[in-house]
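Add chain B to chain A, keeping to what the hints say.
As you go down the protein sequences, you meet chains A and B in turn. The first sequence lines up with residues 38 to 523 when you count with this note's numbering. The second sequence lines up with residues 25 to 517 when you count with this note's numbering.
Do not rely on the hints blindly, as some may be mistaken.
Have a look at the derived ranges for each label pair, beta carbon to beta carbon [claimed, not checked]:
#1 A:Arg-95 - B:Leu-70: 34 to 42 Å
#2 A:Ala-198 - B:Trp-437: 29 to 37 Å
#3 A:Val-453 - B:Trp-437: 31 to 39 Å
#4 A:Asp-239 - B:Arg-436: 21 to 29 Å
#5 B:Leu-403 - A:Asn-66: 25 to 33 Å
#6 A:Arg-64 - B:Ala-40: 52 to 60 Å
#7 A:Lys-397 - B:Leu-403: 35 to 43 Å
#8 B:Leu-403 - A:Glu-144: 16 to 24 Å
#9 B:Arg-436 - A:His-336: 57 to 65 Å
#10 B:Pro-473 - A:Arg-197: 25 to 33 Å
FYI, nobody ran anything at the bench for these hints, they're computed from the structure. Glycine included, C-beta positions come from ideal geometry on N, C-alpha and C.
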Amino acid sequence: MSAAQLIAAALLVPAAGAGLLALAGRRPNLREAVTLVAAALLFACVVALAPPVLAGARPQLFALELLPGIALGFRVEPLGMLFALVASGLWIVNSLYSIGYMRANGEPHQTRFYACFALALAATMGIAFAANLLTLFLFYEMLTLVTWPLVTHHGDDEARAGGRVYLGLLLGTSIVLLLPAIIATWAYAGTLEFAPGGILRDAGLSGPALGGLLALYVFGIGKAALMPVHRWLPAAMVAPTPVSALLHAVAVVKAGVFAVLKVILYVFGVEALAGVRASDWLPAVAGFTVIAASIVALHADNLKRRLAYSTVSQLSYVVLSASLLVPLSAAAAALHIAAHALGKITLFFAAGAIYTVTGKTEVSQLDGVGRRMPWTMGAFAVGALSLIGIPPAAGFLSKWLMFQGAAAAGHWPALVVLGASTLLNAAYFLPIVHAAFLRAPPAGEPGHGEAPWTMVAALTATAAATLALPFAAAVPLALARATAGL
Amino acid sequence: MILEHLPALQVTVPLAAAPLIVLVRQSTVAWGVATAVSWFAFAAALLLATQVAGGGPVSYALGSWPPPWGIEYRVDALSAFVLVLVSGVAAVVAPFAWRSVAAELPRDRVYLFYALYCLCLAGLLGMTITGDAFNLFVFMEISSLASYVLIALGRHRRALLAAYQYLILGTIGATFYVIGVGLLYLMTGTLNLADMAARLPALAGTRPVLAALAFITVGVSLKLALFPLHLWLPNAYAYAPSAVTAFLAATATKVSVYILLRFYFGVFGARLVVGELPMPEILLALSILAIVTASLVALWQADLKRLLAYSSVAQIGYITLGVGMASRDGLTAAVVHLFNHGITKGALFLLVGGIALRAGRAGFERLQGLGQVMPLTSLGIVLAGLSLIGVPGTAGFISKWYLVLGAIEAERWWLAALVVATSLIAVAYVWRFVEAAYLAPPGAATPQPGEAPRAMLVPAWLLVAACIWFGLDTSFTVRGARSAALLLLGGAP
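If we strip away everything but chain A, and leave its shape as in the complex, we get (with noise of 0.2 Å):
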């Protein structure tokens, strides 16, 4: 297949395999074969996409005509082909992963989950191949409409409101700031495609006004769950946990920041914005939300809760670097991306793990699950070191390169940042994994095993993916170096 086919079929493969999934729900085995299937074909057709990309090709792909001189179009750069390996990779670990909770759990509606997981993927591939702001706009919005049904999975009172504070704020911040921001890029810079060197460099706007869109930008994609946008993210924890794990640790998140990553890089351009000082206070607020949401997932006893304001937390570091106008710390904004997706998604899958076998949600109560547990817990500690930023896990890779960056910019209010938080990850995440192995079990508490092995497997392979992704850092390196243009 040719580079553009390749691209086409990443995109219909998830779309076509939601309708399949649509037919065949009746039938739960091939139902669930037809997930593993897209999932396996999703992750080839990207893979294949990969030489060429390393090798500095830039397959391209244009249809239709959405407004007079913006197509729908796809261009693969680095940084897309590195978030479109990490969640379409871990679909099909999380498809497993799936399988095995939702059965066990007994959940409802379970056809409506696959299809709108498969439509999540399509979307997600959608922005990470997309051209211009415009495509990536309009996935971006599909995604969060195509996730909310995800969310409200319980259909519930909670789950009704916390599906509210999701669409609100997610589309809220889109509509009200996000498109204004896009538009104004097109009246202003007269052409949306994503550039090395950004389009608004001749735009002739002043500092102030550039400062003022690039807010519009950040705040717009709230995805990226910057404070104070970020109440959603705890919201969307009324989901069943695969949602959680692969959409809000992963696709939908990393959807934010690569969006963000996008937009300073090709939209604006790290130089015209370092030229004019516009976005100055892009670091401040950035390391409050770093500062601030750890603070909270210190406090919250609810593991979810506490894992999504890591998240929080963790995508700030993104922003941060990000914000920083350096090409090492755009690297490195670009490799924690994958780093945070792997450790990330293992904690969660053992959040649910927990939750299948014991039906414990809270952190208080996770005294002695790892001596009844210990493949889970096991992998839990791998996920939290690797967030820790302890080699030789992944999260050290890209946090190594974090402090380098912000070395290298002369930021110190940055290197101040990144050293308080590490110490607050280890302080909200280390007493989990000493309570679960060194302290008892409660007396009189029925025994129990692991989870059903498709977890057991799904969460085995994310740790280990954790802990070998530094000893084979060659092709996520490269692409991280080569978006930063190193």
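Chain B only, in chain A's frame:
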């Protein structure tokens, strides 16, 4: 040979079909004739649109009397665009009416429905195609009288009252229009619109011309339901038969907007209306009031059909907002939204017609769990609802894009903010349906027999597909609207 008479056939075929149907009286034949006529009208409109796109405006002298003495039919970029909308919606609504009208009307009156449907179609197409101010009045009356009766055919007794309200206000509107035309005739001595436009600059600023502008503005505003002259609309839409609501909501107010555009920019001229008079400011203020109040009122309706009716008032506000901007992008937004909102509301009211067939009415208590009972209808409403909000990938987004672009290019940031902020109210009222249909279990009032018949679903879904298609490929809509906007502003198309 026959092609050359296409502009006349566009109107006369539906006009002649009406008495034919009354003579036959048999409901199946009536339906067949009405469907064939509306498909013919659609084909004719598409042919005319390609002719205009290829070779510029088409002028047709009725009865071979050359203008300005005879009546001229004139098809240019703007009227071709509106013709395609009106006849296209008619071509979709006619097949839908087969099952819907049979269920909602007594058997012995079905043929009347189709006769009036053809008359109404002829009137709307005639208003769009004619280049003569008095001929326009005649077609306005034809379409209005037909629509009063069509609304009164609704099965609820309140339909009579709604039709009566519309009759009173519609007649006042038409009278105001004809008074305005009379004044213009007095001053210019011509009824041909192009001729009038050529003679008016010399008379600009004289009191009768200003009075004519005022009369025509108020008269047409009543017809297009500009806030606060919209009071007839919610009841008329809510109590009319489903097919009528869908047809009128998608076409009637849109043709009235067309007349407003035609008179403001084609007859009086932008120099007078925009340059010397505060019409843009007045339109902007009324449009904003329409958008905000009607959207908020829509939010609190207990019935989906009424909710959509109030949403129509708000959406008309977006169209007139674009008119009030009076810039290239503003007018593009107005014309493209005329089309996009037409197909969106058409789709929604057709789907609601399916619910009405199964549940009697579309009160929210009957929509609980509808996603399980009528999955295709519910999904269609959600998709068309997204177009109503203006989510990218749907037709409504394109309109919003140009409205905001127009506001930003005029550096009216507050207006851009207002447009995007008010679309959040649309999110809220569309989501009321989504939560009722998908997050509530089917209740006692939810219709039991299940999905709407295919004869209704297929036409409705055609319009839903159009909402998506015209959001992804805008080569027809935006190009058409853009050349219409340039034409109105006096540039080369």
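Would you pick out the hints that fail for this structure and give their numbers low to high?
Failing hint: just 9.
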